[in-house]
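Participant: For the protein sequence lines, the chains are A and B, in the order given.
The opening residue of the first sequence carries number 0 in numbering that gives the first Met the number 0; numbering runs sequentially from there.
The opening residue of the second sequence carries number 0 in numbering that gives the first Met the number 0; numbering runs sequentially from there.
Bear in mind the hints are in silico, worked out from the structure with no lab data behind them.
Be aware that one or more of the hints could be misleading.
Since the list can't tell identical chains apart, any single copy or any two copies may satisfy a pair.
No more than 27 Å apart at the CA atoms, straight line, and that leaves these computed lysine-lysine pairs for DSS-like [stated by the list, open to error]:
(1) Lys193 <-> Lys406
(2) Lys3 <-> Lys149
(3) Lys69 <-> Lys3
(4) Lys46 <-> Lys203
(5) Lys46 <-> Lys193
(6) Lys3 <-> Lys14
There are 2 protein chains.
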Amino acid sequence: MRQKRFILAQEDIPKQWYNIQADMPNQAPPMLDPVTKKPVTVEDLAKLFTLEASRQELNTTDRWIDIPEKVWELYTYYRSTPLVRAYGLEEALGTPAHIYFKNESVSPVGSHKLNSAIPQAYYCKEEGVTNVTTETGAGQWGTALSYAAKVFGIEAAVYQVKITFEQKPYRRAIMQTFGAQVPPSPSMSTRAGKDILTKYPNHKGSLGTAISEAVELARMTPNCKYALGSTMSHVTLHQTIIGLEAEKQMEIAGEYPDIVIGCFGGGSNFGGISFPFMRHNFSGERHTRFIAAEPASCPKFTRGEYHYDFGDEAGYTPLIPMFTLGHSFRPANIHAGGLRYHGSGLIPTQLYKDGFIEAVDINQTESFSAGIRFAESEGIIPAPESCHAIAAAIREAERCRETGEEKVILFNLSGHGLIDVPSYEQYLAGDLVDANLSNESIKANLDEINKQIVL
Amino acid sequence: MRQKRFILAQEDIPKQWYNIQADMPNQAPPMLDPVTKKPVTVEDLAKLFTLEASRQELNTTDRWIDIPEKVWELYTYYRSTPLVRAYGLEEALGTPAHIYFKNESVSPVGSHKLNSAIPQAYYCKEEGVTNVTTETGAGQWGTALSYAAKVFGIEAAVYQVKITFEQKPYRRAIMQTFGAQVPPSPSMSTRAGKDILTKYPNHKGSLGTAISEAVELARMTPNCKYALGSTMSHVTLHQTIIGLEAEKQMEIAGEYPDIVIGCFGGGSNFGGISFPFMRHNFSGERHTRFIAAEPASCPKFTRGEYHYDFGDEAGYTPLIPMFTLGHSFRPANIHAGGLRYHGSGLIPTQLYKDGFIEAVDINQTESFSAGIRFAESEGIIPAPESCHAIAAAIREAERCRETGEEKVILFNLSGHGLIDVPSYEQYLAGDLVDANLSNESIKANLDEINKQIVL
C-alpha cells in the first residue's frame, strides 16, 4: 500500500532553526534608522522587540540557532506536522508530477503562525516581560499569539482591524477564549487610534493603523513588548522548522523536491518551507526552483520596485530594503488578508534579486478555484492564503501533464480555511471579482516613495 | 524528553473494525418492526440503508470485520490520529493522574464523524447508489458525509435544521464547498416538510423533522440511500477504529487505561473509543471503568428509562430497546447539538444494563468551563460535545488529586470547536445558563411512551 503521510518520531523533530543569513551568497543591505540613516543595532530593535528576537534579527553568522527546550517541548504538542503525498490531487489533475504538501493546518490554532508565536512569547517570559501587543488582519497571527501568551502567563492585546473584527466574529471569539484582549482598531486606547477616530469617526481600520496602535501601546506600557507575525528575519528563522522537517520527511519518502512553493505575504511562511532546501542550491549540490505565490492584487515581486521603504503605513519602523509597492499602497480587499502586505522581507528580497527565488502572481478567483479542487480531492479546505500556493502548484503540475515530466513539487499548506468559509461561499456564488491593478496606480505610489525616501 | 504524542506508522493502522456484538455477554433484544412487532431483518433495513451497512447492523457473530482497502486508504489521509498525553492539563490540575486523549479533531473535517462517513459512502458507491441523504444538527456529521460523498462521486443532500442553518452559516458553507445540497429543514421538497410549513409557516425545524425529510427523500428517490451518523450499531462499528488505534498507542506509551471516557449522544463516539478496551473486561483480564458523559439537559442513562422506543420523533424507525427520555422529548437548546438525542443506541443500552458502562451527567456551564481549561492548557478549543468528556475526565483527575492515585485516564476528543466559538463567547459573557429539567417533565414524556408503545 502506497504511503500517504510521513510523520517524524518525536526525537527526530529538529532541535535547531536554520539561519539562512549565515549562508547567503550576498548579505542584504542593513535596515536603517529613518532619522539618522545609520544601520539599526540590536539595542535599537530591543526597544520594541525582545532582546533575543532582536539578536536573531541581525545574526548573520550562526547557521544553526538552538530551539529552547521549552519551545521544543511545545512544538511537540503538534509537530512534526505531516508531509502528505497529494495522490488525490494528482489523480484529479491527471499529472505525472509527484505533489507533496506540508500540512501546517493541523496546528491547534490552524496555521503555521504558532511556530513563531511560541518562541516570541517564551522570550518575553524569559526576559521578564509581562505584556505583549500585536495586530492582526485575517486573525491567524493574533490567534497564535493569544494561545502562546496564555501558555506563558503573559497578557496579550491584539489590535484587530475593525472591519475584520465586525465581519469575522469567530476569530475574535477564538482569541478571547485564549484570554486575549482584542480591541478593534482604530481604538480610543492609543493616540494613533484617537487621532484617526477624531478625523474619521467611522473609520473601519487598516493593518497600518493597527500596527501603529500596537507599537504605541508597547512603547507606553512598562514591561511590554511588540511581537510581529511575519516579514522579519527572526520570524522566518522560527518558521524554518517547517522546511527542516520537510527535508527529513522527503528523505523518508525517497524523493527530493524539484520545485518548492509557498504563498507570499511578508515571507515567513515561504521562507520557512524554502530556506532549508535553498542552502543546497547555494552549494551547487541542488538546482531546486523556489516559487513565491503572491496575489495579483498585491504583486510586490512581479510589479513592485526594489527600494528602501517603511514596513508599516505610519512610518514607525526602520527603513528596510525590499521589493515594494509603496508603504502607502492599499491593496484591494481580497480574502487572503495575510498576503495584503506591500513589501517583501529583507532576506527574500536579497534572494529574489540574486535569482534564487521566482515569483508568480495569482488572481483571487484562480486561487479559490484551486482551493476547491484541493478540498474536493484532499479533503482539507485551505486558508485563502494557502490557496495561492496550491494554484501555483497546480500550474506546475499541469505543465508536467503536458511535458510528461515526473517532477516532484512541494508546497506549504500554511493553514486551513474553516474560519474563512464565507469567502468560499462568495466565490461559489460568483460574487468574487479580480481586482484590476493599473500600472498607473502602482507607479503613483512608487513615485511617492522615491520622493519621500532619499538616502 | 517526555513523549507528548503517539502516532502509529501507516502499516500499523488497524485493517479491521471490532464488532463487539460477537463478544457481549448478553445480546441486546432485537429491533422490532413497529407494525408487525417482529424482529427487523437485513432486508427490512436495506430498504433504507446500504445492504452492507444493514448486514453489519445485525451481525452478531463476526468479531472482526475487514475494512475495505479503499476505505482504509482514505483513513490514511488523516489516521492514525494522535494519542496525546495531556501534560499541560495534568499540570494545570495538579493531579497525579496520567491523562491521555485521542485527538480526532485533526481529521480534515474536524471530527471523528469521517470514520463512518467514508465507509457508508463507499458502500453506496459499491452498490450502485448515486444519491445519499442525511440530516445534520450541529453540522459535524453533515460535513463529514458531504466530503465522503464528494470523494466517491455521489450526490449528497443534507437537511440542516433551519435554526442552525441560519445561526451557523459556516457549517453550511463548508458542506456546500464540498458540493452538497443543503436544504434548510423544514423544506418544501418533502411531504413531511410541507405539512409542517403549512401548519407552522415560521417553523425553525428540529432534528426529528430533518430525519423525517431525509428518510422520505431517500425513499422517494431512485438509487438513493439514507446514511446515519450515530446511534446505530454499524456506525459504532466503524468508530472502533478510534479505540483500536488507541489500544496500540497506549501500549507504545507503556500504559493501560483505568478509566475510558467519551461524551454520549447516540453512542458511536463513546463506543468507538470504549469497545476495543471493553472486550478485555468481558474476559475478566481487565477491570477498566467506562464512563459515558451525557449532558444534564438530555440525561437518558442517568434519568431515563429502559424501554422500546422509536429512534426518531416522527416514528419512522424500527422500535429499539434503549434508555430513553421518550422520542418526543425536546431537549433544551444547548450548544452540544450532537448530544441532544433522546435515546441510547442498542449496544450501549445492553452494556449499561449489564453494568459495563457508568454514566455521569454534566451541566452546560461545567462543560464549557472544562473546555476552556483544556484550551488554555493543551491549545485546542474542543467541540462543545467533547467538552462533556473533558469535564468527566477532570472530575476523575481531581479525585486522584485528593486520593493521590496515579490513575490512567483516557478520553476521546471527538472534535474541535473552531466553528463553535460563538458558544464560548456566550459562556465567557455569562450568557449561558443550565437547563433545569424537572422530574415531572421527564415522567410526562415517559408515561406517553408507555401508553403509546405496547408490545
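Participant: Each of the hints needs a verdict: does it hold here or not?
Facilitator: Going through the hints against the structure:
no.	hint	in the structure
1	Lys193 <-> Lys406	neither (54 Å within a copy, 55 Å between copies)
2	Lys3 <-> Lys149	between (35 Å within a copy, 19 Å between copies)
3	Lys69 <-> Lys3	between (31 Å within a copy, 13 Å between copies)
4	Lys46 <-> Lys203	neither (29 Å within a copy, 56 Å between copies)
5	Lys46 <-> Lys193	within (24 Å within a copy, 67 Å between copies)
6	Lys3 <-> Lys14	both (25 Å within a copy, 16 Å between copies)
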